[in-house]
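Q: Letter by letter, the chains look like this.
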Amino acid sequence: MDGLTSWWDFVSNRGDQVLTTVLETLTYVVTVTVAAGAVAITLGVVTRHRPFARDLSLAIASVFLTIPSLALFTIFIPLVGLGFAPSFIALFLYAILPILRNTTTGLAAVEPSVLESARGMGLTPTQVLLKVQLPLAWPVILAGVRVSALLTVGISAIATLVAGGGVGDFIKSGLARLPLPNSLESIWTGVILSLALALTIDIVLRGLGRLTARQPTRTV
Amino acid sequence: MTTAQIELRHVSKTYEGVEEPAVKDLSLSVEPGEILVLVGPSGCGKSTTLRLINRMIEPSEGTIVYEGEDVTTVDPNKLRRRIGYVIQQVGLFPHRTIAENIATVPELLKWPKAKVAERIDELLELVGMDPEVYRDRYPSELSGGQAQRVGVARALGADPDVLLMDEPFGAIDPITRDRLQNEFLRLQSTLRKTIVFVTHDIDEAVKMGDRIAILREGSQIAQLDKPEVILAEPADEFVENFLGSGAILKSLTLKRVRDIDLDPLVVLRDPVHRGQALTALAESGSGYAVLVDRDNRPVCWINERSLNSSSELAKAGREISVQLQPEDTLQDALSAMLQSSSGHAVVVDGTGRYQGCCTIESLAHFVVGMGNGGTSLETTGRSA
Ligand SMILES: Nc1ncnc2c1ncn2[C@@H]1O[C@H](COP(=O)(O)OP(=O)(O)OP(=O)(O)O)[C@@H](O)[C@H]1O
Ligand SMILES: [Mg+2]
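Just so you know, the sequences run in chain order D and S.
Per our numbering, the first sequence starts with residue 1, numbered consecutively.
Per our numbering, the second sequence starts with residue 1001, numbered consecutively.
Just so you know, these hints were derived from the structure itself, not from any lab.
Since the structure is predicted, the reported quantities are computational estimates derived from the model, not experimental observations.
Don't take each hint at face value.
As the list claims (entries may be wrong) - In silico DSSO-like links for lysine-lysine, alpha-carbon gap of 27 Å or less:
hint, chain 1, residue 1, chain 2, residue 2
1, D, K131, S, K1113
2, D, K131, S, K1115
3, S, K1255, D, K131
4, D, K131, S, K1110
5, S, K1115, S, K1078
Stated by the list, open to error - Short, incomplete list of chain D residues facing chain S, as computed with Cβ under 10 Å:
hint, residue
6, T20
7, A85
8, A108
9, E116
10, T124
The beta carbon of each residue, even a glycine, is placed where N, CA and C say it ideally should be.
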């Protein structure tokens, strides 16, 4: 009980910092997810009839995910300096794979007979893509977007190490001051904010999925 | 002679990486309003031929002419909007309602909304589905037969003159298939579309086709003719083998009861004079007479035993289990005869009045005549 009250004191005395760091993390999530989504979906669409290019891009995107995060955040510092930029690049590279993989899976899962009849009725390739393939793959693509967004919330905590801000600031400063007073409270604040953000984003994106899914959820 | 609706001129198709062409120098013309069936063993190139017509695949050589216009180089998407296309797996769009599926081509052609909505209901009714019930459903909420009906409705969306159908009823259980075939033939008798219909089932070909092209490897035409001609005079051994042993039985589905001479048999009416009836029965040699009521409707079979029985004649006779109508096929007649206690099948007109009987002799006479390339179609008078 003691811990909880002292944590609450800690947070309520730092309302401004909480707001700033949450906004910084949210900025990462939104920009990274949008950028990675745009790139990965485009890549998935462009390579949908080119198995070699598709497998190659999937392989490259997988490689990014195997690089330790601390390394990926730091290798771009010589190029772009400290702060938002290196963190954004690292997070962006991580976020590509889930969306790309789900885009290619979703597009490939569209029944050949559906494509055959779409083409047979005189839909142009672009119309087939926009009216048939993407709508049918959309639930799967959106699931990939959600995974990327959650991944970004989690990994963006590292941005603080390259002066990139975000709720990771609380964790870093807490760790640096251990075992001084308020150090544990600070760490807890970072962790809880991170979890709360992830939960909120998950709920929002699930809701978005439900709103945009048109076909009945039951399977044939 | 009218101009052909579709004409393939010396069309060949060789798939990439395959030595032998799937379609080899095929020339074929489809007349307006006919159902031309392409039938042949698996892999002989039926689907390839069909997909060449709407340019789902491009010919390696040759010309495709559509209503007198060379369409080998026009925009294939525009061409396909003028040609309905139905495939075995139907391929309805799972994320769109039935109405939206049917509206696909009208929307591509930018029809006004009201006209599209009207067309959707019209087509659903045409294929026997209540628009109120099915309009807003999704394809996953349909049975296989219903999905195929919607597939046909969707292909008819913008009222194309031509329908291409690739084994449309191939994945459907036999009973439903039979029903869909009948429905489709009924539809076609009013729509009069030009239809190219692919199947590997010779029975379906005989049933559906105005003309049948029997294809062999490389989409080579082994024989192209009316079904009755192919059945009676197969061009060669390949066709004969493909028809199988039941060719005569198949030909029975092509002819109607009205096409054969009915046997009037002996007709009895109340009050029956027993003595006269016995004599007439003995003279006719068929062993059975038909008892009819005052309106000339058949009541029951009468044989010598029922005439000699002490009870009322209508009760002593044997039940007439099946009655045929002039529109029924000879195959129906054959099965009715096999079920009948007398070995004959009663034929009545639309109002139930007695027309005569189908007998094994009349059927045999007809089949023999068919083998000789001709049939006698005059009908004899009714009961004596
Ligand atoms: N895309 C393709 N690439 C290469 N070869 C193909 C292709 N499509 C079909 N073929 C070959 O062309 C030949 C004709 O195929 P097609 O599908 O037209 O046959 P079909 O008569 O429709 O057979 P089925 O009754 O089995 O449907 C076959 O030997 C087949 O293997
Ligand atoms: Mg085929």
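Q: Could you run down the list of hints and mark each one as holding or not?
A: Hint by hint, here is what the structure shows:
1. Taking the CA atoms of K131(D) and K1113(S), the gap is near 18 Å; set against the 27 Å cutoff, the hint holds.
2. Pair hint K131(D) plus K1115(S) holds up; C-alpha atoms about 21 Å apart against a cutoff of 27 Å.
3. Restraint check for K1255(S) and K131(D): not satisfied, since their Cα atoms lie roughly 47 Å apart, outside the 27 Å limit.
4. Among the hinted pairs, K131(D) with K1110(S) is consistent with the structure: their alpha-carbon atoms are about 15 Å apart, no more than 27 Å.
5. Annotation: proposed proximity of K1115(S) to K1078(S) holds, straight-line Cα distance about 20 Å (limit 27 Å).
6. Checking T20(D) against chain S: minimum C-beta separation of about 42 Å lies over 10 Å; hint violated.
7. Taking 10 Å as the C-beta cut-off, the interface hint given for A85(D) is violated, the closest approach to chain S being about 40 Å.
8. Given hint, A108(D) at the interface with chain S, is violated; its Cβ is 15 Å from that chain's nearest Cβ, farther than 10 Å.
9. Restraint check, E116(D) versus chain S: the minimum CB separation of about 6 Å is within 10 Å; hint holds.
10. Of the supplied interface hints, the one on T124(D) holds, with its beta-carbon coming within about 5 Å of a beta-carbon of chain S, less than 10 Å.
Taken one by one, the earlier hints fail for this structure at numbers 3, 6, 7, 8, listed in ascending order.
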